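Protein chains: 2
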Amino acid sequence: MLDQLFRPEGIAVVGASANPAKAGYVALRNMREKNYPGKVYPVNPKEKEILGYPCYPSLQAVEGHVDMVVLIMPSRLIYSTMDDLDARMEEKGDVKVIVCAAADYAETKTPEGIDRQKRLMDGAKRYGIRVVGPNCIGVIDNRSLVDTTFVDTGVPFEAFGEPTGIAFLSQSGALACSVLMEGAARVVPVLYNKFISIGNMADVDFVDLLEYLEEDETTKVIGLYMEGYHDGKKLAETFRRLTKKKPVVVLKVGRSDLGSAAANSHTGSMAGSDRVYDAMFRQSGVVRVETIDELIDTLQAFDRLPVPRGNNLFLYTQAGGPGIYCTDAIAAWPALHMPVVSEETKEKLRACELPMSNICQPEGYADITASASPKNHVDGLKVVLEDDNVDGVVFITVVPTFLPQKELAEALVAVEKSFPEGKRKPVYYCVMAGAYTKEARAIMEQNGLCTFNTPDKAVLAAKNLCRYGAYLREREA
Amino acid sequence: MLDQLFRPEGIAVVGASANPAKAGYVALRNMREKNYPGKVYPVNPKEKEILGYPCYPSLQAVEGHVDMVVLIMPSRLIYSTMDDLDARMEEKGDVKVIVCAAADYAETKTPEGIDRQKRLMDGAKRYGIRVVGPNCIGVIDNRSLVDTTFVDTGVPFEAFGEPTGIAFLSQSGALACSVLMEGAARVVPVLYNKFISIGNMADVDFVDLLEYLEEDETTKVIGLYMEGYHDGKKLAETFRRLTKKKPVVVLKVGRSDLGSAAANSHTGSMAGSDRVYDAMFRQSGVVRVETIDELIDTLQAFDRLPVPRGNNLFLYTQAGGPGIYCTDAIAAWPALHMPVVSEETKEKLRACELPMSNICQPEGYADITASASPKNHVDGLKVVLEDDNVDGVVFITVVPTFLPQKELAEALVAVEKSFPEGKRKPVYYCVMAGAYTKEARAIMEQNGLCTFNTPDKAVLAAKNLCRYGAYLREREA
Chain A
13 MLDQLFRPEG
23 IAVVGASANP
33 AKAGYVALRN
43 MREKNYPGKV
53 YPVNPKEKEI
63 LGYPCYPSLQ
73 AVEGHVDMVV
83 LIMPSRLIYS
93 TMDDLDARME
103 EKGDVKVIVC
113 AAADYAETKT
123 PEGIDRQKRL
133 MDGAKRYGIR
143 VVGPNCIGVI
153 DNRSLVDTTF
163 VDTGVPFEAF
173 GEPTGIAFLS
183 QSGALACSVL
193 MEGAARVVPV
203 LYNKFISIGN
213 MADVDFVDLL
223 EYLEEDETTK
233 VIGLYMEGYH
243 DGKKLAETFR
253 RLTKKKPVVV
263 LKVGRSDLGS
273 AAANSHTGSM
283 AGSDRVYDAM
293 FRQSGVVRVE
303 TIDELIDTLQ
313 AFDRLPVPRG
323 NNLFLYTQAG
333 GPGIYCTDAI
343 AAWPALHMPV
353 VSEETKEKLR
363 ACELPMSNIC
373 QPEGYADITA
383 SASPKNHVDG
393 LKVVLEDDNV
403 DGVVFITVVP
413 TFLPQKELAE
423 ALVAVEKSFP
433 EGKRKPVYYC
443 VMAGAYTKEA
453 RAIMEQNGLC
463 TFNTPDKAVL
473 AAKNLCRYGA
483 YLREREA
Chain B
13 MLDQLFRPEG
23 IAVVGASANP
33 AKAGYVALRN
43 MREKNYPGKV
53 YPVNPKEKEI
63 LGYPCYPSLQ
73 AVEGHVDMVV
83 LIMPSRLIYS
93 TMDDLDARME
103 EKGDVKVIVC
113 AAADYAETKT
123 PEGIDRQKRL
133 MDGAKRYGIR
143 VVGPNCIGVI
153 DNRSLVDTTF
163 VDTGVPFEAF
173 GEPTGIAFLS
183 QSGALACSVL
193 MEGAARVVPV
203 LYNKFISIGN
213 MADVDFVDLL
223 EYLEEDETTK
233 VIGLYMEGYH
243 DGKKLAETFR
253 RLTKKKPVVV
263 LKVGRSDLGS
273 AAANSHTGSM
283 AGSDRVYDAM
293 FRQSGVVRVE
303 TIDELIDTLQ
313 AFDRLPVPRG
323 NNLFLYTQAG
333 GPGIYCTDAI
343 AAWPALHMPV
353 VSEETKEKLR
363 ACELPMSNIC
373 QPEGYADITA
383 SASPKNHVDG
393 LKVVLEDDNV
403 DGVVFITVVP
413 TFLPQKELAE
423 ALVAVEKSFP
433 EGKRKPVYYC
443 VMAGAYTKEA
453 RAIMEQNGLC
463 TFNTPDKAVL
473 AAKNLCRYGA
483 YLREREA
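Same order as they appear, the protein sequences are chains A and B. Just so we're on the same page, the working numbering is the position in the first sequence counted from 1, plus 12. Just so we're on the same page, the working numbering is the position in the second sequence counted from 1, plus 12.
Just chain A, same shape as in the assembly (with noise of 0.2 Å):
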């Protein structure tokens, strides 16, 4: 049933407008722009056509089929839109997905928003229509091009690349906003492959859309935002299930009392002990990130790199500053290694690097220096990757202005196209160098490498990715 949800045939927008300033223009804009090459039927009975697409008075009115309807027009006009839903469902009976993205609803917690979500749900299940929201900012899947958020992400389509194989679910509608706006503006922009904004949950919920993404061979991992889930033990059960065919990662909100208190004066479902949330996450193998940037550095990580067999990361850097700093993001977390390399990997690295590099002190690190070539740098990396007590390399450099920094990125992604895939092991690249290596980090992303700019954030990807590996690793024992 959700099939309609990212492959619908015909789109009909309630709410639909010709105003750019509004939520019913970008909807449709954004249809537009995407080139989604299915029918879509803005229904505003003031307006001829929008962007090209011919206008209708009424749901009713449109003469194609239509599977989702898409509401947008302010909560109080439910109540004639659900009669003109009425109206066309007992003469064509088509539509089977609703998506709510008006807010105003029973999250008010007014008799007026409990009454109008009554109606919107009543009218649904008299028919069997699924429903998504009220109060989101709607849903999105990049491969059917479907897109009925009315988000500018401020990023030209055009600039963004393939779909990647990332699903985000979220319960908070600007949080969604903010994980689609943050990833767009990304050295390159995060294409996400499916991503929904659930709002109220007053149908379609966590499990229905993780139950889903299960079995959608185009999602290889899942980001969740999530304030509270009412069946937590339906949930662990889930998670359980899904995290043994590929990584879930989750932003759960309400760490704090404090954090729990908005959280429920929020969307009034309690949020519950984080305490047990957080041991379930642990037990059902889900990864759970902090911070938003972690969230959407994570899901990347995921999408591209192999899950390392095991947590020794070897630090492989081009500059003694920031690989100190490395060094202490990476000791921050107990559960990685810097391993003891060979002594053969050292005589080779030795024999491949500058007289005056650092190999190997303290252990499991290198420093190739700052008048490293894009030689020195791959041939170093190779090496080190090579060497069985390497799981995974964290690699810095900070591209001084005198190396080339194309020829650099063009060799890196030589290097990792030199491993077969099952023999590929997680490299989190480090560029520190702003807006100057704008363009190698360009050419490394879309050759599907995992790019940061500082430190900090590849050793947090590197620790979720290791935690994840640690989590299948013990499940098989």
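Keep in mind the hints are simulated off the structure, nothing from the lab. Note that the structure is a prediction, hence the values are computed from the model and not measured. You may find that some hints are simply not true.
Copies of the same chain look alike in the list, so a pair counts if it works inside one copy or between any two.
Said to hold, decoys possible - Straight-line distance between alpha carbons at most 27 Å, and here's what the computed DSSO-like set of lysine-lysine pairs gives: (1) Lys34 to Lys450; (2) Lys245 to Lys387; (3) Lys51 to Lys246; (4) Lys435 to Lys258; (5) Lys418 to Lys34.
For chain A, the structure is supplied; the task is to place chain B on it using the hints.
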């Protein structure tokens, strides 16, 4: 004597190059681009002119007054270069300061490197010349427009605004590069007031520069990247005196044993026990930060915002999810409090916000909802700032597509300007919408407001300002 470091009359650059891929070219290009008004004398026997600057075959051959010599040539040429300097000094005696950017000196711990540094220092001492470096990236003063660094930030100079009040000192050239480049990549690029990479500290060191910056009126806040310093007592005394006048923010590495080991093999100087440093920083009112992002955020906040008079931080948000997320971030710092505001403030807030707003549940928290207009945003902010129980505000907006962002930004600037200088309180503006809100953030930043892209970063900066404020109050008490 250090005056010549920041306001030289004539700069000779040994190792100047006509090859754009060389450091000795970029240093000249930076001064050309900044339109440095003093004299620049490239020294290179093979070139006639570089970037319009006439070249000289030797230091001795430069006719004009030279008070600063920048050394970017390979270190093996230090002997002939110092001979050349000797000749000049015997004849003209004008050089007061050397910035030796080149690496491969005593930090290599090789007899050759140590001898090269000895030749440099012997020559300098003979004439009372002060030396910055070697093994550094140089010196910048964005008021006098001196820039001896060979760093290309990737951002054209005209994109920077006015110089800030931020001075930054770094023991690591690479980390200095990163702070420079990451700063340049921000919404409004950070133009550091003074920026000094001190490298091996063969002569000019932390204390020299801190003493200079203590008296420098254009310096409002000082940042340091530090691995270790040989005279802890002197450093502590300097910090204690300095923090009475202006805030000092330190990123000190070697927090972990592993990091200390890496630091020792890098600069050679014992990093010392981190716990001793940590206590010293606390006792002398130095704000210690953990990441490069936090460092730059905190420096910018100190530069722009008044030091708060207390730790009562009101959380004013336009979105529920980000508000809860931010509450967790505040609750993570026991020193921060979300204050109980007066009944009058609550009533005024209810009057100027939309009916579904959450006013003070929990205390010190307001969620004005996604439907809030620019007027709702600013009217409520003003009410909160006028409450005596509020020392600072974290302000969160996701800037939905249907909110006119330019109007909002300008209205926020007007609120800030409506408070007379002595009555201003720090507001940490979190604008969570990636590239989409570049315009709004640019307007706010250009008018001296402090913006962040995620709530956790805003709270970290707030916590750091509160810590410094508390230190000053304790000290006065």
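Up to 27 Å CA-CA - Lys246 versus Lys51, copy category | neither (37 Å within a copy, 74 Å between copies)
Have a look at Lys245 and Lys387 and pick one of within, between, both or neither, based on CA distance no larger than 27 Å.
-> neither (53 Å within a copy, 45 Å between copies)
When no copy is specified for Lys418 and Lys34, does a C-alpha distance of 27 Å or less occur within a copy, between copies, both, or neither?
-> This pair counts as between: shortest inter-copy Cα distance 16 Å, intra-copy 42 Å.
Homomeric proximity label, Lys34 with Lys450: Cα distance no greater than 27 Å | between (34 Å within a copy, 20 Å between copies)
Under a CA distance limit of 27 Å, which applies to Lys435 and Lys258: within one copy, between copies, both, or neither?
-> within (19 Å within a copy, 54 Å between copies)
In this structure, the hints that do not hold are numbers 2, 3, in rising order.
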